[in-house]
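K.L.:
Spelled out, the chains give:
Number of protein chains: 2
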Amino acid sequence: MIYFDAVRDRSKAPSLVDQTVAALEKAISQQMLRPGMSVPSVRQFAKTHGLSTFTVSAAYNRLVAQGWLIARPGSGYRVAMRGKAEPVSTVPVNWSPPRVTASWLLSDVFADHSIPIKSGCGWLPPEWLNETGLEQAMRQAARVPASQIGGYGHPYGYFPLREHLTQELAQHGLRVEVDQVLLTQGATQGLDIIARTLFRPGDVVAVELPGYANLLQTLRLAGLTVVGVPRNKDGLCIDALQKIARTQSIKALFVNPVLQNPTGASLSMGNAFRVLQLAETHGFWVVEDDVSRDLMPDLGPLLAALAGSERVIYVSGFSKSIAPSMRVGYIVATAALLKEFAKTKMTIGLTTPEIMERTVYQVLRLGRHRPYLQRIQERLRQAHDELVEVMDRHGFEVFARPRAGLFLWARPKGEWCAQRTAQLAELALKDGIWLAPGYYFYPDQTDDGWIRFNVAYSLHPSLWEFMRRVGAASG
Amino acid sequence: MIYFDAVRDRSKAPSLVDQTVAALEKAISQQMLRPGMSVPSVRQFAKTHGLSTFTVSAAYNRLVAQGWLIARPGSGYRVAMRGKAEPVSTVPVNWSPPRVTASWLLSDVFADHSIPIKSGCGWLPPEWLNETGLEQAMRQAARVPASQIGGYGHPYGYFPLREHLTQELAQHGLRVEVDQVLLTQGATQGLDIIARTLFRPGDVVAVELPGYANLLQTLRLAGLTVVGVPRNKDGLCIDALQKIARTQSIKALFVNPVLQNPTGASLSMGNAFRVLQLAETHGFWVVEDDVSRDLMPDLGPLLAALAGSERVIYVSGFSKSIAPSMRVGYIVATAALLKEFAKTKMTIGLTTPEIMERTVYQVLRLGRHRPYLQRIQERLRQAHDELVEVMDRHGFEVFARPRAGLFLWARPKGEWCAQRTAQLAELALKDGIWLAPGYYFYPDQTDDGWIRFNVAYSLHPSLWEFMRRVGAASG
Chain F
1 MIYFDAVRDR SKAPSLVDQT VAALEKAISQ QMLRPGMSVP SVRQFAKTHG LSTFTVSAAY
61 NRLVAQGWLI ARPGSGYRVA MRGKAEPVST VPVNWSPPRV TASWLLSDVF ADHSIPIKSG
121 CGWLPPEWLN ETGLEQAMRQ AARVPASQIG GYGHPYGYFP LREHLTQELA QHGLRVEVDQ
181 VLLTQGATQG LDIIARTLFR PGDVVAVELP GYANLLQTLR LAGLTVVGVP RNKDGLCIDA
241 LQKIARTQSI KALFVNPVLQ NPTGASLSMG NAFRVLQLAE THGFWVVEDD VSRDLMPDLG
301 PLLAALAGSE RVIYVSGFSK SIAPSMRVGY IVATAALLKE FAKTKMTIGL TTPEIMERTV
361 YQVLRLGRHR PYLQRIQERL RQAHDELVEV MDRHGFEVFA RPRAGLFLWA RPKGEWCAQR
421 TAQLAELALK DGIWLAPGYY FYPDQTDDGW IRFNVAYSLH PSLWEFMRRV GAASG
Chain U
1001 MIYFDAVRDR SKAPSLVDQT VAALEKAISQ QMLRPGMSVP SVRQFAKTHG LSTFTVSAAY
1061 NRLVAQGWLI ARPGSGYRVA MRGKAEPVST VPVNWSPPRV TASWLLSDVF ADHSIPIKSG
1121 CGWLPPEWLN ETGLEQAMRQ AARVPASQIG GYGHPYGYFP LREHLTQELA QHGLRVEVDQ
1181 VLLTQGATQG LDIIARTLFR PGDVVAVELP GYANLLQTLR LAGLTVVGVP RNKDGLCIDA
1241 LQKIARTQSI KALFVNPVLQ NPTGASLSMG NAFRVLQLAE THGFWVVEDD VSRDLMPDLG
1301 PLLAALAGSE RVIYVSGFSK SIAPSMRVGY IVATAALLKE FAKTKMTIGL TTPEIMERTV
1361 YQVLRLGRHR PYLQRIQERL RQAHDELVEV MDRHGFEVFA RPRAGLFLWA RPKGEWCAQR
1421 TAQLAELALK DGIWLAPGYY FYPDQTDDGW IRFNVAYSLH PSLWEFMRRV GAASG
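As they're listed, the protein sequences go chains F and U.
The first sequence begins at 1 in our numbering and counts up by one.
The second sequence begins at 1001 in our numbering and counts up by one.
Chain F extracted, bound-state conformation (with noise of 0.2 Å):
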C-alpha cells in the first residue's frame, strides 16, 4: 500500500523522516493502520516508496518514541494497541500558565495536569507503563481481606516485597538480609529519613552538581549545609570531591550513580571506585539514590554492592519503572542502622500502606516485569536517538548520549545559553511548554544554560517549533 507520495525538493517540504512520520500518523488516526496491526518492515515500506532504509527507520524510531508504534524484536513493528491520545498542538483556549517559582517543582506546575507538554516532567508517560501488569496486580492485591490489612501493619514494610528485593539485589550483587531492607513512602521518604537520622541541623553533606532538585530542599528543610562536587560525563569530579573531603568535615556525599537526574550520565566503574576510596579514606557516609536501575539496559555501578552497607546507604524506589503513584520506596542499609531509620519513619509517618506494597509485589512477581522492562527501555533508546538527532540538527549542545532513562541534559545555542533558561521557561509556559530549567539542580541556582528534558515528551513538534521562534534553536 502506498501511504503517501513524497515531496522530494527539501527547500519547499518538511524533510523527507517528517513526511514518513505524518504520512503514517495519519494512516493510523483514520484507522488505515489499525491498533495491534503490522505496519510493512523498514525495507518494504523504502521500497514502496522510492525511500532510503535510513530514512524509514528514523521515522519509525520517532513513532516508537511518540508512541504510535511498537517495536517487537524479531518480528517488526505494530501499531500500539492504544492509539496514542491525539497531541494537544495548540494551548487549549482556557488555559493560563502556572506561575514559575522558587517551589515550581513543588507546587504550581507539578500540579498542573492540564500543561500541553510535559518536557520537564519527570517520569513516564502514563500510557507508556505497563498497564495490563499493573491493573492485575492492584486487583490482586485488593482481593486482600480486610482483616489481613486492619492493624498498622509492620513498621518495615510488607515482608513478601522485603524479602523479593533482597532477590533481586542479589542479582546485582548487593546480598542483603530481609532485616536490612526498610520500606519507605517512595525513595524521597527515604532520603528525608536518612538525613534526619544520621545528621543534625548544620552538619556539611556533599551533592552533585547539578543533582536532584528535590533533594536540595529536603536537605535544606533538615537544616544541613550543601557541598557540590560538579558532576561530569564520566563521574563525578574527583579533584573537586578530594578536595572538599579535605577541607570541609563532610558526613556525607549523596550520589545518584545511574541515568543521574538530571543529566541522565551514569558513574563509570573507574570513577565509581574512586569516589568510594575517597569516602573510606575520609570517612564520609555514601547515600546511593537508585531510583532509575530499572531503566538501565546495561550494567552500571552499584556502589553498595561495591563498598558495602557499613559505607554506602542505598535508596531506591518504583516511581520510574512501576508507577510513580504507588509511592513505594525502600532504603538498604545495616540491621542496626536500619532499625534506627525505621523509629524515624514511624516518627514522621507511622508505616507505609501495605496494600500499594503488595500491588507492587504483585507486579514484579505476576506482572511479566521483566519483559515490560526491556520494552521500555527500548522505547527509550529509540526516543534518546531521535531527540539527540532533534538537538544535533537544532544547534543545542548535548552533555551525555546515555540512549538510556528519561533524561537529557542540553543547552540551547546563542544568547540562551546563558544564564537565560529562567526566562525560556516562563515563555515555554506560556505556549504550555513545561520546561525544567538548569537552576532548579543546582544548590544556589546557578543558571548557566542547561535544560533537562524528559525524552518521552521532547519530540513534540511545538517544542521544537517554540525554540526555534524565540532563537533557542537553530534550523
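Simulated from the structure, these hints should not be mistaken for lab results.
A couple of the hints might just be wrong.
Now the in silico label distances, taken between C-beta atoms and shown as ranges [as the list claims (entries may be wrong)]:
hint : chain 1 : residue 1 : chain 2 : residue 2 : range
1    : U       : 1370      : F       : 160       : 32 to 38 Å
2    : F       : 145       : U       : 1047      : 36 to 42 Å
3    : F       : 201       : U       : 1393      : 49 to 55 Å
4    : F       : 29        : U       : 1201      : 55 to 61 Å
5    : F       : 368       : U       : 1139      : 35 to 41 Å
Chain U is nowhere near these chain F residues, computed Cβ spacing over 12 Å in every case [said to hold, decoys possible]:
hint : residue
6    : 309
7    : 319
8    : 328
9    : 390
10   : 414
11   : 427
12   : 471
Below, in silico cross-link-like pairs of lysine-lysine (DSSO-like), each with a Cα-Cα straight-line distance of 27 Å or less [said to hold, decoys possible]:
hint : chain 1 : residue 1 : chain 2 : residue 2
13   : U       : 1339      : F       : 430
14   : U       : 1343      : F       : 343
15   : U       : 1430      : U       : 1413
Virtual Cβ for every residue (Gly too), placed ideally from N, Cα, C.
Once you've looked at the hints, dock chain U against the given chain F.
P.N.:
Coordinates of chain U only, in the frame set by chain F:
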C-alpha cells in the same frame, strides 16, 4: 431453650455473669446458636434461667464487647456473622516476648503481631472493621485504569476526597474550601509537616500531660522544646496553660480535644472556649489533633470550627475509623498556610498514594460508613461499660469514664500504683500481654502508675488473671 444450670454458690464457682458468658460462648461455638440468629431477649433469658436481668444484661454486654454478639437497637441481640476467633488463652510455645525499650511504640512490640493480648495497641480489632465496605471500596478503587494513576497525582491529594471532606467538616460547623484541605500519610505525617513548616529548632510548643506518645517523638525530632499542660477529666488545666503562656513564649499548643489519646477524656465546651481565649490573648497556634471524632457518638468541641483556621490548624485521619493501614490523613488550614504545608509534604515524600485516597473516598461514599460507625460506637460503649465494671471490681482507679473511643486510662492498686508500670509492662509481656504504661505519654517519662487500656482488647480473662497474680488487682 435452657443453656445451662447456674451454680449459685459463689464460693465454689465463677460469678453468674461469667457462667452466663461461658454458656453462651459454648452454645455459639457448638453452633447451637448460629451466626445471624437472634438470641433470647435479656428478660426472656433471665426468666428461663432464673437470673436477674442485671446479670444477663452484663453478660450480653460482655459478649458484644468480645465480638460474639451484635446489639441491634430495637431488635435485640444476634450472633455475630463471623464467629469470633478462638481467644488465645495461653502464650504460644515458641513465643518470646519482645524487648521493652524507650522506643517500644516504634519498633519491637508494635511490630510483633503475634503478641496474644494487645491491650496496649491503639487501633480497633481488625474483625471490628467494616470489612464488607472496605473490601468493596478497595476493589472499586483498584478498577481505575492504570493510565489515570500514571503520574504522581496532585500534591494536595485526590480531589474528590478533599471535596467530600469539606462537606463532612461543614456538618461539624467547620466551613472550608477544597484548597484548605491537604491529604497526608496519616495524621502523623500531618503533625510532622506542621512542626517542620511552622517552627524552627529550639522553638517552644505546649503539649498535653499525658498526651499522644508519637507526637512527643515527632516534636523532639523536629528539635522543638516541649512544655506540658496537665489534662484533667474535662479538659486542659487552664491555670497551668495560662502560666506557661505568660512566662514562656510558646508558638503552639498541640491538643487532642475529643476522646483523647491516652486518657479517653474530652474537652468540655467551656474548657475549649477558655483554651481558645488564651490562644488569642497570647497569640499562639492551636494544632487540633482530631483523629477520634468518628468514634464519638455525642457532639464534642471542634476547636477549628469555634475559632477558625486563622488560629487553629486541624489534623485528622481515618486510622481509627476505617483502617490504619490506609495511611490517609489530612490537614485543614488557611489556603495560604496550606500551600506552605504542601511544599513541605512534597519535600519530605512527594505525593501520597492516590489509590488509598480513592479507597477511603469509596468507603465514605459507598461503604455504608455511617451505620457502621454507629455500630462501632455502640460496641465501644458496651466494652467501656464492661471494662469499667471489671476495673471497679479489681480495685483499679479509673481517670475518666468516657463510654466512647478506644481508650480507658486507669491505674492499679497497691504498690503498683506508683512508678512501677514500666516493670508491670515487662512482666505482662512475659505472659503475652501488651500493656501501654503511662510513662510513654509524658515528655519526661513520668511514671505515676497510669496505664492506657484499649477497651476492645482488655476484657480478656488472662489479662485480669495476670493483674491479680502480680497483686495489681484485688479480687
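K.L.:
Now tell me if each hint is right for this structure.
P.N.:
Now the hints, each set against the structure:
1. U:1370 with F:160: 32 to 38 Å: Between residue 1370 (chain U) and residue 160 (chain F), where Cβ atoms are some 35 Å apart, the hint holds.
2. F:145 with U:1047: 36 to 42 Å: Distance hint for residue 145 (chain F), residue 1047 (chain U) holds at roughly 40 Å.
3. F:201 with U:1393: 49 to 55 Å: The hint (49 to 55 Å, Cβ to Cβ) holds, given that residue 201 (chain F) and residue 1393 (chain U) are roughly 53 Å apart.
4. F:29 with U:1201: 55 to 61 Å: The hint (55 to 61 Å, Cβ to Cβ) holds, given that residue 29 (chain F) and residue 1201 (chain U) are roughly 59 Å apart.
5. F:368 with U:1139: 35 to 41 Å: violated, 22 Å
6. 309: Consistent with the label, residue 309 (chain F) stays out of reach of chain U, its closest Cβ about 19 Å off (over 12 Å).
7. 319: violated, 8 Å
8. 328: About 8 Å separates residue 328 (chain F) from the closest Cβ of chain U, which leaves it inside 12 Å; violated.
9. 390: holds, 24 Å
10. 414: holds, 33 Å
11. 427: Per Cβ check, residue 427 (chain F) is outside 12 Å of chain U; nearest 24 Å; holds.
12. 471: Holds, since 32 Å exceeds 12 Å.
13. U:1339 with F:430: Holds - the C-alpha atoms of residue 430 (chain F) and residue 1339 (chain U) are around 23 Å apart, at most 27 Å.
14. U:1343 with F:343: holds, 24 Å
15. U:1430 with U:1413: holds, 21 Å
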